[in-house]
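Q: Residue strings, one per chain:
There are 4 protein chains.
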Amino acid sequence: MSLAMTKEELMDYLGEVFPQVADDFAIDALSEEHVTMRLLTAERHLRPGGTVSGPSMFALADCAVYAMVLARVGRQALAVTTNSSMDFMRKPASNTQIRAECRLLKLGRTLAVGDVLMFSEGSDKPVARATMTYSIPPEKT
Amino acid sequence: MSLAMTKEELMDYLGEVFPQVADDFAIDALSEEHVTMRLLTAERHLRPGGTVSGPSMFALADCAVYAMVLARVGRQALAVTTNSSMDFMRKPASNTQIRAECRLLKLGRTLAVGDVLMFSEGSDKPVARATMTYSIPPEKT
Amino acid sequence: MSLAMTKEELMDYLGEVFPQVADDFAIDALSEEHVTMRLLTAERHLRPGGTVSGPSMFALADCAVYAMVLARVGRQALAVTTNSSMDFMRKPASNTQIRAECRLLKLGRTLAVGDVLMFSEGSDKPVARATMTYSIPPEKT
Amino acid sequence: MSLAMTKEELMDYLGEVFPQVADDFAIDALSEEHVTMRLLTAERHLRPGGTVSGPSMFALADCAVYAMVLARVGRQALAVTTNSSMDFMRKPASNTQIRAECRLLKLGRTLAVGDVLMFSEGSDKPVARATMTYSIPPEKT
Numbered sequence: 001m002s003l004a005m006t007k008e009e010l011m012d013y014l015g016e017v018f019p020q021v022a023d024d025f026a027i028d029a030l031s032e033e034h035v036t037m038r039l040l041t042a043e044r045h046l047r048p049g050g051t052v053s054g055p056s057m058f059a060l061a062d063c064a065v066y067a068m069v070l071a072r073v074g075r076q077a078l079a080v081t082t083n084s085s086m087d088f089m090r091k092p093a094s095n096t097q098i099r100a101e102c103r104l105l106k107l108g109r110t111l112a113v114g115d116v117l118m119f120s121e122g123s124d125k126p127v128a129r130a131t132m133t134y135s136i137p138p139e140k141t
Numbered sequence: 001m002s003l004a005m006t007k008e009e010l011m012d013y014l015g016e017v018f019p020q021v022a023d024d025f026a027i028d029a030l031s032e033e034h035v036t037m038r039l040l041t042a043e044r045h046l047r048p049g050g051t052v053s054g055p056s057m058f059a060l061a062d063c064a065v066y067a068m069v070l071a072r073v074g075r076q077a078l079a080v081t082t083n084s085s086m087d088f089m090r091k092p093a094s095n096t097q098i099r100a101e102c103r104l105l106k107l108g109r110t111l112a113v114g115d116v117l118m119f120s121e122g123s124d125k126p127v128a129r130a131t132m133t134y135s136i137p138p139e140k141t
Numbered sequence: 001m002s003l004a005m006t007k008e009e010l011m012d013y014l015g016e017v018f019p020q021v022a023d024d025f026a027i028d029a030l031s032e033e034h035v036t037m038r039l040l041t042a043e044r045h046l047r048p049g050g051t052v053s054g055p056s057m058f059a060l061a062d063c064a065v066y067a068m069v070l071a072r073v074g075r076q077a078l079a080v081t082t083n084s085s086m087d088f089m090r091k092p093a094s095n096t097q098i099r100a101e102c103r104l105l106k107l108g109r110t111l112a113v114g115d116v117l118m119f120s121e122g123s124d125k126p127v128a129r130a131t132m133t134y135s136i137p138p139e140k141t
Numbered sequence: 001m002s003l004a005m006t007k008e009e010l011m012d013y014l015g016e017v018f019p020q021v022a023d024d025f026a027i028d029a030l031s032e033e034h035v036t037m038r039l040l041t042a043e044r045h046l047r048p049g050g051t052v053s054g055p056s057m058f059a060l061a062d063c064a065v066y067a068m069v070l071a072r073v074g075r076q077a078l079a080v081t082t083n084s085s086m087d088f089m090r091k092p093a094s095n096t097q098i099r100a101e102c103r104l105l106k107l108g109r110t111l112a113v114g115d116v117l118m119f120s121e122g123s124d125k126p127v128a129r130a131t132m133t134y135s136i137p138p139e140k141t
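Chains as they are written, first to last, in the working numbering: chain R, 1 to 141; chain F, 1 to 141; chain X, 1 to 141; chain Y, 1 to 141.
For the record, the hints were derived by calculation from the structure and aren't laboratory data.
Check the hints yourself; a few may be wrong.
Since the list can't tell identical chains apart, any single copy or any two copies may satisfy a pair.
Stated by the list, open to error - No more than 20 Å apart at the CA atoms, straight line, and that leaves these computed lysine to aspartate or glutamate pairs for EDC-like:
{"hint": "1", "residue 1": "Lys91", "residue 2": "Glu9"}
{"hint": "2", "residue 1": "Lys106", "residue 2": "Asp124"}
{"hint": "3", "residue 1": "Lys106", "residue 2": "Asp12"}
{"hint": "4", "residue 1": "Lys91", "residue 2": "Asp23"}
{"hint": "5", "residue 1": "Lys125", "residue 2": "Glu32"}
{"hint": "6", "residue 1": "Lys106", "residue 2": "Glu8"}
{"hint": "7", "residue 1": "Lys91", "residue 2": "Asp28"}
{"hint": "8", "residue 1": "Lys7", "residue 2": "Asp124"}
{"hint": "9", "residue 1": "Lys106", "residue 2": "Glu121"}
Since we're looking at a predicted model, the values are computed, not measured.
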């Protein structure tokens, strides 16, 4: 087990393949089974009242698991989300960044599963949890 | 069983409480247990290659079930998503609108559950499915 | 699109590979994208008060999607469940059979997805819904 | 935050309200936000080949979260599962017990959410994960 990409290579690669969203996220930490990602909350992520929207939390969780998978298997921009489950448990604090702590639960030949807990910055009560399954296409030879 | 709001009242209300997203969606049909909503696909909903992004499909499904619940219980902007499950089954066609067909499975005193199938316009093979649970706060008196 | 097995062949096959549970279920109808299966409710499926237990409804939904996949791809006893989401919406009626209506949403090369609505016999209000994903192992040659 | 029941009181109570299944499970550890429960694997939990069945893992996860909720709110046998998501990630080892590590993510006034990782005894690779939502009925006064 080892990483195929460093934190910096990963951010560069996300910027290349997802120019639309790479500015939304920062990677705080990366290891072989964990990544910590932050949503750089901006006006476009908010609902009235200043709380982060559900779709923005979905995007954060999805991107965290994608980054985790890429960090292990290398540049496979074609890995696609096949399943997601989410629980929204608390209202996020107004106008704060959201921290996602992702753990890789399985990295198989064709399927990868990651678990994500999300927190308003400064709180240790989770605002949401998510599990994402990615399908990894076979390597072309 | 009857509707608390018409299709037009519903669109007006969504525009009022969610000005950020109301332009993204149109309601095609509304009845006591079904709503058909369309994602008015624009550049901001796309991934490289022109397919609609996962977070945009999440937003569509979430908004469809929210509209369905509102149409039944009336103006309760505080109803919140507590759980979501999604399966992404096919790649959406490039640069097309997405049609969401939502069915209300349960409308209880405190929880509502809706099921959503999503299709690329012109196709009858679902690109994704979603189930959303909404928590309905008790009426204030 | 056509069926690889008839209803009778399917029941025989389930009895062969799952002798422990084949007596729990009956197949009422089978077509290319739908199967209707019934839980032959017995004491071992009940909770105090006489309602069907959650694990029994999970088993019913899981078996319905498995039967649907088998009916299409043929005898592949190794197909395995990789993901499940369920919503329990109403208390099943006491001491009744449960009818599961399964629809095949996707049958890909490696993944199949089926949706299931479950009803107490005689009612048209769903007691539960489930989605199951099956992983289909590559054919050995 | 404190426990409303000890590990022994909890086991006694489960034996009282769920006589059918209480023999299937043992509680190894209990604290304010975690419970470790074990499936005492017997013939009735197995599939051909000796691996623990999906419904048995569902029952284990469901019972672990139920026990966690009861341990906090006290004897509320009426708390009911409203939602479940599960990922089956690895084949359980043959003929072994399954250990479930449950964490309470939310204990609200009406909804509780718990996360469960399951392992074949002796392994640290999860065979499955589950999230369960319980609805807690209002106290009668």
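Q: Kindly indicate which numbered hints from before are broken by the structure, ordering the numbers from low to high.
A: Of the numbered hints, 1, 3, 4, 6, 7, 8 do not hold.
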